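*Asks:* Here is what each chain is made of, one letter per residue.
Protein chains: 4
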Amino acid sequence: MNNKWMHQLMKSSPVTIPSLLMEHYASIGINEKEMMLLLHIRHFAQEGEPFPTPDGLSGRMSANISETANLLRDLVRKGMLEIRENQDQHGRISESYSLDPLYEKLLTHVENEQYEAKEQSGREDEG
Amino acid sequence: MNNKWMHQLMKSSPVTIPSLLMEHYASIGINEKEMMLLLHIRHFAQEGEPFPTPDGLSGRMSANISETANLLRDLVRKGMLEIRENQDQHGRISESYSLDPLYEKLLTHVENEQYEAKEQSGREDEG
Amino acid sequence: MNNKWMHQLMKSSPVTIPSLLMEHYASIGINEKEMMLLLHIRHFAQEGEPFPTPDGLSGRMSANISETANLLRDLVRKGMLEIRENQDQHGRISESYSLDPLYEKLLTHVENEQYEAKEQSGREDEG
Amino acid sequence: MNNKWMHQLMKSSPVTIPSLLMEHYASIGINEKEMMLLLHIRHFAQEGEPFPTPDGLSGRMSANISETANLLRDLVRKGMLEIRENQDQHGRISESYSLDPLYEKLLTHVENEQYEAKEQSGREDEG
Chain X
170 MNNKWMHQLM KSSPVTIPSL LMEHYASIGI NEKEMMLLLH IRHFAQEGEP FPTPDGLSGR
230 MSANISETAN LLRDLVRKGM LEIRENQDQH GRISESYSLD PLYEKLLTHV ENEQYEAKEQ
290 SGREDEG
Chain B
170 MNNKWMHQLM KSSPVTIPSL LMEHYASIGI NEKEMMLLLH IRHFAQEGEP FPTPDGLSGR
230 MSANISETAN LLRDLVRKGM LEIRENQDQH GRISESYSLD PLYEKLLTHV ENEQYEAKEQ
290 SGREDEG
Chain G
170 MNNKWMHQLM KSSPVTIPSL LMEHYASIGI NEKEMMLLLH IRHFAQEGEP FPTPDGLSGR
230 MSANISETAN LLRDLVRKGM LEIRENQDQH GRISESYSLD PLYEKLLTHV ENEQYEAKEQ
290 SGREDEG
Chain R
170 MNNKWMHQLM KSSPVTIPSL LMEHYASIGI NEKEMMLLLH IRHFAQEGEP FPTPDGLSGR
230 MSANISETAN LLRDLVRKGM LEIRENQDQH GRISESYSLD PLYEKLLTHV ENEQYEAKEQ
290 SGREDEG
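Protein chains in written order, with my numbering: chain X, 170 to 296; chain B, 170 to 296; chain G, 170 to 296; chain R, 170 to 296.
Hints are computed from structural coordinates only; laboratory data are not their basis.
A portion of the hints provided could be inaccurate.
You can't tell identical chains apart in this list, so a pair holds if it fits in one copy or across any two.
Unchecked claim - The calculated DSS-like cross-link candidates involving lysine-lysine, where the alpha carbons are at most 25 Å apart (straight line), are:
| hint | residue 1 | residue 2 |
| --- | --- | --- |
| 1 | K247 | K180 |
| 2 | K274 | K247 |
| 3 | K274 | K173 |
| 4 | K274 | K202 |
| 5 | K247 | K202 |
All values reported here derive from a predicted model rather than from experimental measurement.
The whole structure should be built from the sequences, with the hints applied where relevant.
*Replies:* In structure tokens, the structure reads:
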């Protein structure tokens with residue numbers, strides 16, 4: 170094991186997962202395979218590839234290309250993932266994945282939970 | 170959504186995954202469900218709980234308690250996860266999970282890959 | 170350079186800084202030396218030492234012990250850092266640093282900035 | 170405080186600092202102001218700006234533009250920071266900062282320290 174790997178390890182930003190997401194993804198209907206796929210998308214974006222192919226994603230997962238393509242389609246259908254079209258200054262169009270809908274769903278979920286907790290504690294105080 | 174959640178989000182350290190791990194876990198025989206379980210263990214340790222129960226882990230996953238217990242057992246059997254006994258200064262014994270075997274396996278894999286790449290390029294140069 | 174360091178690098182969680190903090194610490198009156206000191210406190214807490222000594226902190230900084238002690242005192246006085254007393258189940262008291270006041274100040278600042286931006290754009294619309 | 174900020178906080182990757190760097194930057198002759206400047210450069214790169222101006226950097230620091238420009242110059246002179254020229258497929262040239270020399274220096278330092286520790290313990294065993 171040489172310097173090259175150490176260097177690589179130091180240089181490359183780790184993928185980070187907000188703890189709120191770790192704690193609540195299952196409650197908003199995401200399973201572990203989908204969660205890891207979303208993390209791979211976040212990772213590719215960090216590396217400068219905002220629209221990785223099913224092929225590229227599958228190469229880092231224990232899922233073949235067609236299974237990966239299906240997972241992507243399902244995440245889009247469930248409203249957790251979005252495909253965006255971007256236009257640069259030369260008018261060239263490119264696509265990218267956005268995890269914004271996921272974060273929205275997560276925040277709504279957390280808000281509701283908090284609201285229900287308050288309601289609940291209000292009712293208990295009255296009783 | 171109020172300040173309380175913002176505060177929480179700022180305060181709590183995200184879970185971090187070294188990119189080397191993201192890129193190679195599948196190659197060393199870990200699937201996505203197992204990977205997420207290992208990340209939950211890392212997360213619990215960050216929160217000061219080095220030996221979370223299958224119950225606690227399952228509460229954050231899309232897996233029930235007995236499935237989670239099985240996943241833990243398999244990871245230990247495959248040599249990716251270790252249970253350690255620790256003794257504090259008062260002689261009290263506690264247990265904790267260690268991901269050290271996982272990191273060892275990962276580094277060995279990466280080393281071999283690098284070695285093989287060199288061998289390969291050496292052979293091509295000769296041919 | 171051997172496996173041991175690679176292992177260490179993989180295992181040890183990096184210190185993370187929320188981007189909101191990176192972008193606004195200077196606006197709430199924190200300079201770079203203070204910011205790094207706060208990050209060292211966060212780092213020590215991650216390593217299981219919630220109340221590092223000026224000596225321990227200074228050992229990782231380009232500041233001697235007495236300068237470090239002064240920086241700590243100033244941060245407490247400015248309301249960015251708090252010392253908390255904790256009592257465990259055996260009644261033993263221990264102290265820890267809390268960065269909560271820092272996060273509060275940051276959120277208040279960001280809220281105000283947002284409010285002023287709205288006010289400003291409102292006034293421009295009217296004019 | 171509204172959803173918008175929560176969303177932002179969740180979405181934006183935090184800046185991460187390898188613990189090895191936190192523990193040894195002072196030993197390789199970097200002070201806190203320089204360290205924060207390097208972190209800002211890392212942050213800008215994450216945001217897609219690999220060559221931020223002294224103006225842009227200074228806007229997030231407690232240092233004015235000319236002080237920031239001096240800090241950058243010193244870091245380059247001390248061999249901690251490098252300016253690279255990159256050419257895209259259309260032949261356009263752009264510049265970017267690279268922290269590679271910093272990581273090299275850090276790894277060399279850590280290696281030496283380890284070597285000296287071994288030497289030392291060897292000598293003690295003999296004595």
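*Asks:* With reference to the structure, classify each hint as holding or not holding.
*Replies:* Right, here's what the structure says about each hint:
no.	hint	result
1	K247 x K180	between (35 Å within a copy, 19 Å between copies)
2	K274 x K247	within (11 Å within a copy, 36 Å between copies)
3	K274 x K173	between (41 Å within a copy, 13 Å between copies)
4	K274 x K202	both (18 Å within a copy, 22 Å between copies)
5	K247 x K202	both (15 Å within a copy, 20 Å between copies)
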